[in-house]
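Protein chains in written order, with the working numbering: chain E, 1 to 463; chain U, 464 to 689.
Misleading hints may appear alongside valid ones.
[Said to hold, decoys possible] Label pairs and their in silico Cβ distance ranges: (1) E:244 / U:584: 41 to 49 Å; (2) E:275 / U:612: 15 to 23 Å; (3) U:487 / E:309: 50 to 58 Å; (4) E:216 / U:600: 52 to 60 Å; (5) E:339 / U:610: 53 to 61 Å; (6) E:281 / U:667: 45 to 53 Å.
[Unchecked claim] Covered stretches of chain U, as calculated for chain E (at least 3 residues, CB under 8 Å): (7) 467-479; (8) 537-546; (9) 557-566.
Treat the hints as calculated values from the structure; they're not laboratory data.
Ideal placement from N, C-alpha and C gives every residue a C-beta, glycine not left out.
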Amino acid sequence: MRSIRRRLTRELLGVSLVLVAGSWGAFFLAARAELIEQFDATLRARALTLTTLTVREGGHLRLEAADRLGREFSMARPRDFFEIWASDGLAALRSDSLGGADLVPPRGSGSRRVVWNLELSNGRPGRALAVNFQPRPEKDQGGSATGAEVRLAVASTREGLDEALAELEGIAAIGGILLLLAIFWGVPRILRRGLRPLDSMAERVSLIGADSLAARLPVDELPAELRPIADRLNDLLVRLENSFERERRFSADLAHELRTPIAELRSLAECALKWPESREASTDRDVLASARHMETLVTRLLALARGEQEQLQVQPVEFALGDAVVDAWAPFAERAGERRLKVAFDLPAVEVSADPFLLRSILHNLFDNAVDYTPPGGEIRVALDAGGGARLRISNTVAALDADDIPRFFDRFWRKEAARSGQQHFGLGLPLARTFARAMGWSLSADLAPLPRFLVFTLENSR
Amino acid sequence: MRILVVEDSPRLQRTLGTALRRSGYAVDLAGDGVEGLWLAESHDYDVIVLDVMLPQRDGLSVLAELRRLRKNTHVLLLTARDTVADRVQGLRAGADDYVVKPFALDELLARVEALCRRAYGTKQPRLTVADLEVDPQARRVQRAGRAIELTAREYLLLEYLARRRGHVVSRTEIEEHIYDGQVDPMSNVVDSAVCGLRKKLGPAPLIHTRRGLGYVLEEAPAPAPP
Chain E
1 MRSIRRRLTR ELLGVSLVLV AGSWGAFFLA ARAELIEQFD ATLRARALTL
51 TTLTVREGGH LRLEAADRLG REFSMARPRD FFEIWASDGL AALRSDSLGG
101 ADLVPPRGSG SRRVVWNLEL SNGRPGRALA VNFQPRPEKD QGGSATGAEV
151 RLAVASTREG LDEALAELEG IAAIGGILLL LAIFWGVPRI LRRGLRPLDS
201 MAERVSLIGA DSLAARLPVD ELPAELRPIA DRLNDLLVRL ENSFERERRF
251 SADLAHELRT PIAELRSLAE CALKWPESRE ASTDRDVLAS ARHMETLVTR
301 LLALARGEQE QLQVQPVEFA LGDAVVDAWA PFAERAGERR LKVAFDLPAV
351 EVSADPFLLR SILHNLFDNA VDYTPPGGEI RVALDAGGGA RLRISNTVAA
401 LDADDIPRFF DRFWRKEAAR SGQQHFGLGL PLARTFARAM GWSLSADLAP
451 LPRFLVFTLE NSR
Chain U
464 MRILVVEDSP RLQRTLGTAL RRSGYAVDLA GDGVEGLWLA ESHDYDVIVL
514 DVMLPQRDGL SVLAELRRLR KNTHVLLLTA RDTVADRVQG LRAGADDYVV
564 KPFALDELLA RVEALCRRAY GTKQPRLTVA DLEVDPQARR VQRAGRAIEL
614 TAREYLLLEY LARRRGHVVS RTEIEEHIYD GQVDPMSNVV DSAVCGLRKK
664 LGPAPLIHTR RGLGYVLEEA PAPAPP
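One chain only, chain U, in its complex shape (with noise of 0.2 Å):
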């Protein structure tokens, strides 16, 4: 899950940062509107956390732009202002949660968590593949009742997996989702990723090549009859 925060207090920002990321999300930081703006136009974000009083350009005008170009992503305004009707007008102007300074990290990081999930269609905090159990919340992953061990990277790209379940997912919109912007394109990591998870899922594959398009989860197809 890929997230982009936009605030303007650079303490803030970075502490968002380290608490996002230590969350397992990809993490994107802009100090300003024109900036943030432009970040969330050119990438495909999970999730945007969006400060209203920002330098150059307000975040209501930004998430009005947004909205303007049709771009669909989940917005969390995250604001000082905390009247009624600074709070609808933030909703009005497309926002999809609203969150007052200061704030609990905790709850900050469930509300992220819980847009994420909206972004894929489910409200079930639980992913479930087959015999395979993804549990965001916990990030812990049960293979037939056996709890497997996955490194960071490797849980995002599971989590993202299972949460397009059925779907064929492109190369680039795991590194998009996966990875912040520090990635290099033209490397191999999505492949070595994926390597290294099937390994870790054991034998019965769940994660499918598709050739030149992508990876898919899934149950295996039913064999086809002779």
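Pulled out of the complex, with its shape left as it was, chain E reads as follows (with noise of 0.2 Å):
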């Protein structure tokens, strides 16, 4: 499994061990070429000195204040040389501590000035350097400026420097440890730190279970990086918890609407086993009832259950869609004038492509509700528009009613009367209806009217 923490630990300690070895060795060959080079500053220093020191007499050279020289080239403290070659190759002149034997001269020693490593004659490591220079003639002999060059070489034991240099290495080293243990402590750890937030929003997530649906994200306290991704599962969990909480009504409610029925004919049939003398002819009529109550509702759920699996046989025809309101009407007008209801009918002609058994279904449930669930004396509107398709309104006047009700029409089972008192509607006929018109590529949809205060269902082909 990928995992972005042991691949930003991977990449980060890489980068970091090459950053740190890179800056690391260029600090301790700076430092390295820095002590050298005091070195050989040391050298070059001497080697002046040496050569304003030197002058020539006659065919001889000679150094000028030879006490001082001698005691710093003195044989009791053999740590610093010098030899002076005359333009002939031969020495002319070396230093006491060399003890009558000869400084190493350099390869290649045409340049005029070279530095470089020798064993010195007490066998000792040294270092060395070479220049050529014109010594400076005697003045009270007034000799030429000119003369040939001679080679001087100054050397010195290196054993302080090499000493500097290996004290160097073990620092650079023992610091370079150190700097990598707390590279490969520090980034795990600080990854972790940075990554707990994700590890939390996990562990939280993981917790979430169809049992606890209620539960949130904390977007407040996620970093700006998560808060999209828990915004979107807060939004997903509200809608996954609205549409668990609906599975639940529904099974709640079905389990109700089922259950009174067979409730119904269990207790008249005890009833009549238990005491037959009590049975009346209303008994059978009872049980008829339940029966056909039971028939009906399996009807309607079976063809919801149909229709949502999408296995409702679609066959359209082309029809006037005007006609087909008013025939669906018809059986309603007897009960609309019964209520008193006032019916407006607007039916230009339009023609539609539908299923006309799906379609009267449709209007038979939509019909039927407006006709029991208007105020007596209301209003039942019936408008046809056919502006780029058809588009049907039934409104009819309501007295209780929410704009909160709406979203919960097409839910089943859903009354107004959380009760189930009136045994005529199911609450099946408004997602049945909706089901049925999504078959056939239309939409069905309600809507309250504000002042005065009209419930409008829409049945549309957008088409």
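Reconstruct the complex from the two isolated chains, following the hints.
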């Protein structure tokens, strides 16, 4: 499994190792070069002193202030050495510290100035610098300024330098190891701390189950990168919770709707068996009514299930929608009259392509609700609008209905009365009508128009 | 024993009414929560059989309101909701029993009877006062080993008095518990029923009149020492 933490750890470790090794190495090399440069600078200073103090006296070379130089290059302290060769290559002057031996001249000594490492006469390692110069003539003798060039070599034991270099290497190695340890210790920790919000979010999300859908991710506590994810997840949870709640309500409602008629049948039968003399003609009518109630319920549930599984056979036919509306209204005209409902039709001629059976079922459900739920003396309006397709609006005055009820209209078994008082309505008509409309490629929506309060159902064919 | 049935299905309401009346209870019926609550508040029922899904006001809120009003009537919830959560919610709301639809009629009657028994603080199925023995399950009455035939109403009266043996029971209480809503409160049905019952119970009087208070069923007090 790919892991962000592992990948980041690997890459961060790699990058920091390269950076640290590079900069630490560069620092070490610079320090080392600086140490050697200082050593060489001392050699150069000595060489300069010697060149200024060397004078040509006749055919010989001589050192001025020989006492001081004698102490510096004495045999007693054989750390610093020099030797001057005349132009013919023969040693003209050499320090006491050399004890009569020669300094090993540099290879390729043609160049003007050269620095090299060498083994000193006493067998110790050393570093030497060689320069060519023209010794100054003795003032008193007023000799010519120009003369043959001589070669001077100055050397020192490099034990001190080597010690300093070894110390530097030691410091560099120990420092490098400590840095590496710090990196290996620090990087995973920093990552862990940085990724902690991700971990805690993962943990919270993993705890969410079907029974804890009310849980929400705390968006405010999360870093900006995770907020969009948490926002979307929270949205999803709200929707999931709603649909779980709807399903839960549906199964509770279904249990109620199916169990009540079974309870009626069972208690009717048990009562009749227990007290045969209590059996009246109404008992059989009740049994029949319960059975028919269940039959209708089961038929509608099956139609709904088939519709939702898109198993409905839709056979579209071209026909005039206005005529279909008038036909569908016919069975309700009498009931509407009994309830003193005012009914107004506005039906221009519109041809539609639809399944006549499904359309009639939809209209039947809508008219059934309109006639039963419009308060006595209320008004029903049916208007057809041909613009861009077909739009049928069935509206009726309503008494007690809130805007909050509208989204629940199409929930299965929903009725304004959470009570199932009216045994005529199952709360399945509207979901069924919407399912049928969708099967035909139509849409059915509900809306509550403000003053005068009208409930408006819009059946629309957008094509 | 007087029972209130609050149930929105008219068919189930009718059947339950018939079954409970046949079992010797006085029964009142209500079809929605508001009517049910009004009846439950205004009468002293022994048991209320309450549907949960009701029009206008659901059963649980009726129950909660009753408990808020400090009504301790035993309530049996009758509902199609059968999940553990629903049962727990119902019982926590103050219900004494919970029956899921569809139910066996005999079981419902037995549970109603058990709640009636509990209403008078006894778990003994048989009620005995001196040599009188009342068996509410079989609805049989014996005195000194001899069976006594009673009408349904007389039996109810005797059972009620026996359940409250030793206590003075007022005429109003008897009316409340034995007769359902159809009795004229000014009539002397209670007095005549008590009179008929005394005759059937035989010579040694068990039902005593407390003048101005009501009746009490108990063993005849020992004759005062001379």
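Practice prompt. Could you check the hint for me, namely that residue 275 of chain E and residue 612 of chain U are 15 to 23 Å apart, CB to CB?
Written response: 19 Å, holds
Item to complete: Could you tell me whether the CB distance from residue 339 of chain E to residue 610 of chain U stays inside 53 to 61 Å?
Response: 60 Å, holds
Worksheet item: If you check the beta carbons of residue 244 of chain E and residue 584 of chain U, does the distance land in 41 to 49 Å?
Response: 45 Å, holds
Fill in: chain E over the region 467-479 of chain U, status - at least 3 residues with CB closer than 8 Å
holds (count 8)
Worksheet item: Okay, the region 537-546 of chain U and chain E, do three or more residues pass the C-beta test at under 8 Å?
Response: Per the Cβ count (5), the hint holds.
Discussion item. Against the range 52 to 60 Å, how does the distance between the Cβ atoms of residue 216 of chain E and residue 600 of chain U compare: consistent or not?
Written reply: 55 Å, holds
Fill in: 45 to 53 Å as the expected CB spacing between residue 667 of chain U and residue 281 of chain E, which holds or is violated
At 48 Å between Cβs, range holds.
Worksheet item: Is it true that residue 487 of chain U and residue 309 of chain E lie within 50 to 58 Å of each other by Cβ?
Response: Because 52 Å falls inside the window, the suggested range holds.
Worksheet item: Given as covered by chain E, does the region 557-566 of chain U meet the bar of three residues or more with CB within less than 8 Å?
Response: holds (count 4)
Hint violations for this structure: none, all hints satisfied.
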